[in-house]
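Chains as they are written, first to last, in full-length UniProt numbering: chain A, 1 to 459; chain B, 1 to 459.
FYI, nobody ran anything at the bench for these hints, they're computed from the structure.
Among these hints, one or two may not hold up.
No copy is singled out in the list; a pair is fine if it fits within one copy or between any two copies.
To be verified - Pairs of lysine to any residue residues, derived as SDA-like cross-links and limited to a Cα-Cα distance of at most 25 Å, are as follows:
#1 K447 with R275
#2 K447 with R277
#3 K447 with Y74
#4 K223 with E349
#5 K447 with N416
#6 K447 with S26
2 protein chains.
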Amino acid sequence: MARRLVVIGGNAAGMSAASQARRRRSRDDLEIVVFERGHFTSYSSCGIPYWVGDLVDGPDRLVARTPETFRDEYAMDVRLCHEVVAIDLAHRHVVARHTAGGEPVRERFDDLVYAPGARPVRPDWAGGGPEGVFGVQTLDDAAALMAWLDAGPAPRRAVVVGAGYIGVEMAEALVRRGLAVTIVERGPQPMATVDPDMGSLVREAIRAMGIEVRTGVTVTGLKDSDGRVSAVVTDTGEFPADVVVLGLGVRPDADLARAAGLPVGRTGGVVTDLRMRVADGVWAAGDCVETVHRVSGQPVYVPLGTHANKQGRVAGINIGGGYATFPGVVGTAVTKVCELEVGRTGLLELDATAAGYEFVTAVVRSTSRAGYYPGAAEMTIKLIAERGTGLLLGAQIVGRSEAAKRIDVLATALWNRMTVDEMTALDLGYAPPYAPVWDPVLVAARKAAVAVERADYRS
Amino acid sequence: MARRLVVIGGNAAGMSAASQARRRRSRDDLEIVVFERGHFTSYSSCGIPYWVGDLVDGPDRLVARTPETFRDEYAMDVRLCHEVVAIDLAHRHVVARHTAGGEPVRERFDDLVYAPGARPVRPDWAGGGPEGVFGVQTLDDAAALMAWLDAGPAPRRAVVVGAGYIGVEMAEALVRRGLAVTIVERGPQPMATVDPDMGSLVREAIRAMGIEVRTGVTVTGLKDSDGRVSAVVTDTGEFPADVVVLGLGVRPDADLARAAGLPVGRTGGVVTDLRMRVADGVWAAGDCVETVHRVSGQPVYVPLGTHANKQGRVAGINIGGGYATFPGVVGTAVTKVCELEVGRTGLLELDATAAGYEFVTAVVRSTSRAGYYPGAAEMTIKLIAERGTGLLLGAQIVGRSEAAKRIDVLATALWNRMTVDEMTALDLGYAPPYAPVWDPVLVAARKAAVAVERADYRS
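Extracted from the complex, chain A is given alone in its bound form:
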């Protein structure tokens, strides 16, 4: 009898796992059943703001592989609109149900991939209130928002709650559609994913786009006008809104795993080993798991499509009989904020302090190309290095073009535990259309190395 793989969640992590398992095990060797609660498989959630902003046609363009492809080319039994409601480890089966109701079905498994993803954070005030309030976590969410924007009287004022990546990207998308947009954020700065000094550059760019940014504001409720939202109520007054978008982040969807007795960490994510295994024959991947931060050594929760894909691939290789590991993250992220490119990796100052490091920082301004070459654009790079050893701990970049992806060099340096002094010698590509003769990354490393040396003299 063929072995049986059941996959909970048909997005990046789940389908990567299933695909890799299939590559190594034919349909005669391995049956694969996938339960997905939504209407789509393997799509780019990160593309949603560009669909809403009319830069990309949706939703089909955002789907990497359709359920039909998985059925026809990968021989998988993909069941959409199916929610798994229980995992029975003792009897090796799951119980699933169509989201429209109906009889629960029971499916036996030899291997199980747990990949339901994340649940958006929903404060009490966001539930069951007026219409016109949307999350942007899934393609189904985005389809609902798009239908609202296109139907009836065109909304004119939008409020985005939360100024993280997704909030800022959605704000920009709504401005592109002609709405007047306000972002309200409880914390002191937009994009708390960079240090405050770098964040202030981001705040300026958001404002320059005509978006109002209100920080230090706590939402307490919504105002209802004939069943439709008309304002967001906060501790500092009301913000009129014809549509509200929630960008409050996500938490791991670990409830089913916890109920089944699987380990859940203090970040709220499912705990796996390096091969993405949770228990005998049980694997987990994607936005439902926690991982290790390779700089701090601590468990962290970093829900990103790139990690989900890698973790799913690793689980699938192992299920298929190969050997692969996911050795953690260094906290890299890039985003486009209006005309600004923002990249970060490693620890922020806040994180470095929390992790007990003594550190120095260096901030430099340089240009994307040789200063004399047309199109050279300014960028700011900040490095954080451990005092004494000079180990790189973190890096942030803000620039106008050809800036954000330079973070990859710093992420690779961080991955390999380089010191800023070593980094000054890195053999990076130089030609006038691509960099000054000292690449901005090297300029930053030089300044950080000097800061480490000086801090040493002082101590």
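Based on the hints, put chain B in the right spot on chain A.
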């Protein structure tokens, strides 16, 4: 009495050394005398094609720091148009002479920086013949070429001899000025700095620009018409030319060093230790030295401005009483060939074979951005990995945009001796405007890892 530093060569390496020494030693501590045979200091040779192509004003824009700046702000005695003709190590002095003639002068030194740079390769046929034949090594060369292009009857047909970086960049520049351009190259492909499979993409781009590329052609002479060049004569016929540009590469200018008894390696470059020291109180840096290739472990000659700057900085820090090393190169280079971006690092297949490696290769096509995001452009990445260990040995990238500088990630991975399997886990920045969810670098690493695994099964 103040110590005395004499610097031979006032370009990237020499002036970086002098500047770093000055930062650590005041004018009361250290006298600095610089001899430079040309009219400029600290300029970007790499910018010359963009000046000729009218993308950049020249020559002033290409000068990072003028002699006046070094004199006034760095308290250096900078002597332009001065050629050093002898180094007397026993008596610790150099002999220099104005290039226009006159009495030789003798200058005592405690420390000497040898940084005269490179000499362009000049075949016999290129010397003393008709007018209209130009090198493009120095700003003085470029100024002569520009004067020729702007004076008298405008040249209409150009022949560029040599299809390396500088040859191709110059060909493009001359096309921008409206000339009909032919490149003649002795070898079998343009841009032999990448493997032939990648080189064929480059050849197409050059042709698409309207440039004729003739490979396997050996130049034997020049045709003279009233003292002006009228054609390039080759073993496969004549190529009419009103102007000829020589892009035949350079060799280290090590003659003076050799004459003084300083060590010169088999690459022809001066040999230094990791601190850029050649002998007691004698330092060398830039296009006159050889360095170590960190992948092959062999000495190599890689004349590039970025290395010259780093090596000069290292020498200067050491002269100033600090401690710094230049730990070698991994062979990274990037260039813009017409609308194509080309990057490379590490060993080519040819090099890997010569170094005795057994290896596998992987070539992938991917895109610069998420496939659905506007402006996503195709790129091709090739990786070379050691069979058995999976160690990355080299990488090449050819693409239309946002491609070349991705080589820096691969260069940093190479620097840290990563395997392609390890590289599949690298935490690179992902967002739709910057990369597909699997960055092209990761796609390449995955394919290479599979190739390593399969080669293992076969053996």
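So, going through the hints one by one against the coordinates:
| no. | hint | result |
| --- | --- | --- |
| 1 | K447 with R275 | between (39 Å within a copy, 20 Å between copies) |
| 2 | K447 with R277 | between (43 Å within a copy, 24 Å between copies) |
| 3 | K447 with Y74 | between (52 Å within a copy, 20 Å between copies) |
| 4 | K223 with E349 | neither (39 Å within a copy, 67 Å between copies) |
| 5 | K447 with N416 | both (20 Å within a copy, 22 Å between copies) |
| 6 | K447 with S26 | between (55 Å within a copy, 20 Å between copies) |
In the structure shown, a violation is registered for the earlier hint numbered 4 alone.
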